[in-house]
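Novice: Spelled out, the chains give:
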Amino acid sequence: MNRKLLCLLPAAAVIFYSVTAGAETPTPPGGATISGKVTYTGTPPKMKPIDMAKEPTCAKQHATPVMTENVTTGPDSSLQYVVVYISEGDQGSAPPSETVRYDQRGCQYLPHVLPMQAGQVLQIFNDDQTSHNIHPLAKVNPEWNKSQPAGSLPIDTKYDKPEFIPVKCNIHPWMHGYFVVLKTSHYAVTGQDGSFSLKGLPAGKYTVSAWQEQYGTQTQEVTVGGSETKTVNFTFKALPY
Amino acid sequence: MNEVSTHPVAHQHTAPTGFIRKYVFSLDHKVIGKQYFGLALVSVFIGMVLSWLLRIHLAYPDYHIPLLSKLSATGAPGGVMTPEYYLSLLTMHGTLMVFFVLTNAPFAAFGNYFLPIQIGAEDMAFPRFNMMSFWTTFAAFVVMMASFFVADGPPISGWTAYAPLSAVGGDAGPGLALGQDLWAISIAIFCIASLLGALNFIATTLDLRARGMSLMRMPYSTWAWFVTSVIALLAFAVLLPACVLLILDRVAGTSFFIPAGLVLSDKLQAHSGGSPLLWQHLFWFFGHPEVYIAILPSIGIIATILPVFTRRPFLGPKALIGSMVAIGFLSYMVWGHHMFVSGMNPFSATIFSIPTLIITIPATIMTLLLTGSLYGARMRFDTPALFCLGFISVFISGGISGFYLAQPSLDTYLHATYFVVAHFHFVMAVASLFGVFAGTYFWFPKMFGRMMNETLGRWHFWLTFLGVYCVFMPMHYLGLVGNVRRYSAFVDDYLAPLIPVHRFITIAALLTGAAQLIFLWNLIWSRFRGPVASENPWEATSLEWSTTSPPPFDNFGGKHPVVNHGPNELGMDGPDGTDFLMQTAPPKNS
Amino acid sequence: MGKAFAVLVTLITLVSIAFFFLHTWWLPPNISTTGRAVDHQLEETLIGTGVLFLAGQLMLGWFAWMASGKSKDAPAKRFPGGAASLVVTAILVVGIEILTLTFVGSKAWGAIYLTPAEPGALRVDVQAEQFAFYFRYAGPDGQFGGIHPEKIDDGSGNYFGLDPANDVAARDDIVVGSLVVPVNRPISLTLHSKDVGHSFYVRELRMQQDFVPGLDIPLHFTATQVGKYEIVCTQLCGLGHYNMKAYLEVMSEPDYEQWLKTQAGQ
Amino acid sequence: MGVDVQDAIHVGQKLGGSGLPPVIKSPRVHNVALNDRPERSETGVWIGIFAIVMTFAALTSAMIVREGVALDWRHFQLPKILYLDTLILLASSWTLETALAKIKESESQFSAGMAWLDVTLALGGIFVVGQVLAWRVLAGQGLYLATNPSSSFFYVFTAAHALHLIGGILGLGYLIYKLSRIKSAANTTGIRATCLYWHFMDGLWLYLFVLLLARM
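Residue numbers (the working numbering), protein chains in the order written: chain A, 1 to 241; chain B, 1 to 590; chain C, 1 to 266; chain D, 1 to 216.
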């Protein structure tokens, strides 16, 4: 039991790190902020428990079975893992120097959705006792498929063109995530409560987009001045199947 | 007049001068034979090093081999190979060994050099074809090697390249894009080369036999090469179109082997209606005869060499030749025994198992004849003789396990386990190579004019003989436990306890491999420092020993040998105190 | 030299045989109704071929021994009966061996592959993919939903390509990563492959059957021992081949019913 | 002993016998007249025929299997031009025979025979062009290599045959070249081999044509 908890702690830490990571923006403090909440209407599909029986070393890391994450909902019909970003109006900036971290732990991708800026260095770690293969199904960017045996060095890579890239592991077919490569440096991923905020925006007119892996993209026009904070909410229509 | 009308080849030309025509694009079957031998030698050592890497990875998964990361940074990051790279090397080991070693060494190499001489011809029937077939083989080799240097490395679909894994391309995994293309192209080229070669062998045997060289007077090695070339002619004529169809499926979007509705890397494939089993049928229709293409020449070589050292005629030549022909014939009716659990109609499994079991009869006959010819002999135990004995032993061991796999009911348990690996390595790889070793020690003096070092030769034999048993016998036990082959690591609960056995095998394999370096050194040393060989150092009787060592450009120095005797008139009162009679010796009654 | 060979070959033969008969490394106990015949078949073959192996190798060793260190004037004996006797021996011995083996063996094979599953057998659908097995139970309605390859989506756990939106039968299908079966009840599997060739191998069932893409291949068995056993892939299917596995869980009838309920609940 | 020699000669002759390498010349052999003996090249062609038969047998069985395993086999009309092609190829066999008859007959007929040989060569060429036209027709109907298994096999079969025939055309061309230099059938090797191969190509096409008619 305790051991299980211990295993979970770092996982939680990583989720926190990577979810917030998006919100930190390179531009100096001050400036405008766009924040809001992403919700759904209708009945979303029931997430299925993932059967990891095939990989005991992973299965024993999870007290309760991990659920599929293609439509992850939170309290009062909030949607998690929605990427909100500036799709127009931002003249873009050089990719930041810090690297983005992607973990394979307990036969799960942490985080499930990983936003990054085009050209930013991406480091992929295998923290498991078993070997994974990382297969990002890129279409615009070059596609590759590599094994990463247990205890081997992290894989360093980067994507130059903006794209939503599904990532899968063939050895553990349930492992499924997304690399979201963006032009802008202003992006965020919604947390459990479906909230997000894009900080430090220079005054101007922006198109804000919200992308959900199953329900696609929605956009809204927003104009912000000096250092005001505007609220923008998105609502996706959910179907049971 | 009579001379002209009976003798195949007419008047002499002079040997070509100048390096290129003499050693590179030579039309001389002896040079071409050596070229094949060299190519096989290179391939066998590459294949052997690959097997070392595979074995080390299996027994010591975490062992770092820095050199490996040099060879492929992606395939072996930090010197530990990835699962896909393991499979790449596995595929290359199988392909190199089966095609470029077991087909080339006993058949193409020795056949090219000695078939014409043993029948008293001055060259192959079609020397230009002969040259072409070697250089085509070489091209195939280069293309195959190229796959080591492409993005994802060599293919990971094994030497049998089962569709659709081999047919759908990169979506199925690393190495299956460009690497698999190169593999298929290389094999197609290899087929063309082998067809040219086989055609040449057959025509030569039929047309160019010396005066008096009736079919029943041909040495058994010649018989073996002849039967083998017939098998090869038909087998490669099937693999070639199969490869072409595979290539079309890969590059032209056809659906010969790829069924509808496949989903790879989350992509629904565009193909429709193809049959994966069709590939298996075509492949094994070639693949099983290929086994006999590998082993028959070695049996022939052994049957030719053994009597020379037992100093007595071979026991039952007709039975031997009959068995060879029978095997050649049966080899085309048994391919389905590779597919008992493949999903083909289970009734056909029972049909296929019967000829498969029957084929053991001619095999047993040949083994018993070889063993029987030792009985009560005054034997000379030079290195070639030792390898003959070794051959018989490993051939028995490998043949016995065939009984298990020939039965569908046992194959359901043993199929695709190490039991199979043990079986075909013994009966096909090791046995065939023992034939090649025996042939090398026996014919080296004829090919290079110098004897090989006997002491090194014996060391080579004892280490190799003991070594192969240490490597392959335990694999039977692994098979009985159900240890699946082609696994790059043993993560299953029931496989982990078997790692110690794998360690033993790995160490044995490394040592046995090291013993082959003795052989390599012996070749190099003897080539330059070996004692000069006489015309007939072994007191053998076949035609190659009636000419100088090495033979002149036209093999018999303008003479046209006339054959008066069978291939092994041994253990009798020969001329001036010898105990043998050359095939060319004057007839007894005159 | 010949004597040395004789000693070595005899040694090798005895050691090899010993491990076979000591069962140092051996098959796991059989748990299927058809497996017993296979084991019996194996024993038969083992004895038959064991004798041939022993005879062949020892004869080789013995002859090599005899043939060595003979004085020049020792008379060279010819094999009694010459080739003919050997050929006859081969045909007789091997022929008999073959006849018995095929006769017995074909029954063992028939029981597994040539007889259809019993009508009342529990039907389970198996989907093989790079690199895992998934198992589908019909669920409360006893109906399997149709399979639509274009619907396959590992991300949302739709490994079979079900279409619950339009296909009611598919909605309650139970898809799991382990093959859970009740003991002593005939099970009838249907093997599909989503991508390339795979194989279904359970040592304890003495069974192996390839998955062929594009074909639905039937396979049936009855497990007689409660327990957990490994299902592994034996057909080279790509980089994860070595790690393509699942578990066969044989449960008592009540446990199985319980398990089925909890699954249906989710 | 005498028996054995007889035996050897007998075997040799029965199986196409010994002779000079005609098209392919061994460097150490003079090209002397040996028209009274079966030629080595003929043996070679016979063996080649076995291999080619095997290849097309394999493709045929592959086609039958493939047609059986799935329901996606679409039948289509063979391009009419194939009928014409067939006639052309048959004709070429006939012209070839006439040519050889004349060449062997007498010095006076030699040049006429050569003319007939050129005609044969031309017909062979026309046949290949005809096959290409047939492909264009199919392409016009939207039937490409990958369109359907039936079209796939059509292209594979016709292309494989065309390639082998081109080999025959080259051989015949070389023979014509030699004859035009040596000016005597008696002293020219490889005639029978070339004819044998040419007629075989003809027969092979007839087989394929019937097969395609039945299956496409």
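Watch out, some of these pointers could steer you wrong.
Below 30 angstroms or equal to it, Euclidean Cα-Cα: the simulated BS3-like pairs (lysine-lysine) are [said to hold, decoys possible]: (1) 77/C - 46/A; (2) 139/A - 22/B; (3) 178/D - 22/B; (4) 22/B - 237/A; (5) 48/A - 183/A; (6) 151/C - 245/C; (7) 261/C - 228/C; (8) 267/B - 183/A; (9) 22/B - 158/A; (10) 60/A - 245/C; (11) 245/C - 46/A.
Ranges of calculated distance between the beta carbons of each label pair, as one might list FRET restraints [unchecked claim]: (12) 253/B - 207/D: 54 to 64 angstroms; (13) 172/C - 253/B: 36 to 46 angstroms; (14) 270/B - 63/A: 35 to 45 angstroms; (15) 57/A - 54/C: 37 to 47 angstroms; (16) 39/C - 154/A: 41 to 51 angstroms; (17) 70/B - 99/A: 21 to 31 angstroms; (18) 151/A - 23/C: 28 to 38 angstroms; (19) 507/B - 154/A: 25 to 35 angstroms; (20) 50/D - 57/A: 54 to 64 angstroms; (21) 64/A - 29/C: 31 to 41 angstroms; (22) 172/C - 329/B: 54 to 64 angstroms; (23) 87/D - 15/B: 25 to 35 angstroms; (24) 270/B - 154/A: 50 to 60 angstroms; (25) 216/A - 253/B: 25 to 35 angstroms.
Some chain B residues well away from chain D (every beta-carbon gap over 10 angstroms; in silico) [as the list claims (entries may be wrong)]: (26) 178; (27) 207; (28) 256; (29) 378.
Bear in mind the hints are in silico, worked out from the structure with no lab data behind them. Just so you know, even glycine gets a beta-carbon here, dropped at the ideal spot from N, CA and C.
Novice: Each of the hints needs a verdict: does it hold here or not?
Specialist: These are the hints, each one checked on the structure:
{"no.": "1", "hint": "77/C - 46/A", "result": "violated, 86 angstroms"}
{"no.": "2", "hint": "139/A - 22/B", "result": "violated, 54 angstroms"}
{"no.": "3", "hint": "178/D - 22/B", "result": "holds, 27 angstroms"}
{"no.": "4", "hint": "22/B - 237/A", "result": "violated, 80 angstroms"}
{"no.": "5", "hint": "48/A - 183/A", "result": "violated, 34 angstroms"}
{"no.": "6", "hint": "151/C - 245/C", "result": "holds, 24 angstroms"}
{"no.": "7", "hint": "261/C - 228/C", "result": "holds, 20 angstroms"}
{"no.": "8", "hint": "267/B - 183/A", "result": "holds, 27 angstroms"}
{"no.": "9", "hint": "22/B - 158/A", "result": "violated, 55 angstroms"}
{"no.": "10", "hint": "60/A - 245/C", "result": "holds, 17 angstroms"}
{"no.": "11", "hint": "245/C - 46/A", "result": "holds, 27 angstroms"}
{"no.": "12", "hint": "253/B - 207/D: 54 to 64 angstroms", "result": "violated, 28 angstroms"}
{"no.": "13", "hint": "172/C - 253/B: 36 to 46 angstroms", "result": "holds, 39 angstroms"}
{"no.": "14", "hint": "270/B - 63/A: 35 to 45 angstroms", "result": "holds, 44 angstroms"}
{"no.": "15", "hint": "57/A - 54/C: 37 to 47 angstroms", "result": "holds, 45 angstroms"}
{"no.": "16", "hint": "39/C - 154/A: 41 to 51 angstroms", "result": "holds, 49 angstroms"}
{"no.": "17", "hint": "70/B - 99/A: 21 to 31 angstroms", "result": "holds, 27 angstroms"}
{"no.": "18", "hint": "151/A - 23/C: 28 to 38 angstroms", "result": "holds, 37 angstroms"}
{"no.": "19", "hint": "507/B - 154/A: 25 to 35 angstroms", "result": "holds, 33 angstroms"}
{"no.": "20", "hint": "50/D - 57/A: 54 to 64 angstroms", "result": "holds, 58 angstroms"}
{"no.": "21", "hint": "64/A - 29/C: 31 to 41 angstroms", "result": "holds, 35 angstroms"}
{"no.": "22", "hint": "172/C - 329/B: 54 to 64 angstroms", "result": "holds, 58 angstroms"}
{"no.": "23", "hint": "87/D - 15/B: 25 to 35 angstroms", "result": "violated, 51 angstroms"}
{"no.": "24", "hint": "270/B - 154/A: 50 to 60 angstroms", "result": "violated, 36 angstroms"}
{"no.": "25", "hint": "216/A - 253/B: 25 to 35 angstroms", "result": "holds, 30 angstroms"}
{"no.": "26", "hint": "178", "result": "holds, 20 angstroms"}
{"no.": "27", "hint": "207", "result": "violated, 5 angstroms"}
{"no.": "28", "hint": "256", "result": "violated, 6 angstroms"}
{"no.": "29", "hint": "378", "result": "holds, 30 angstroms"}
Checked against the numbered hints listed earlier, the structure breaks hints 1, 2, 4, 5, 9, 12, 23, 24, 27 and 28; every other hint is satisfied.
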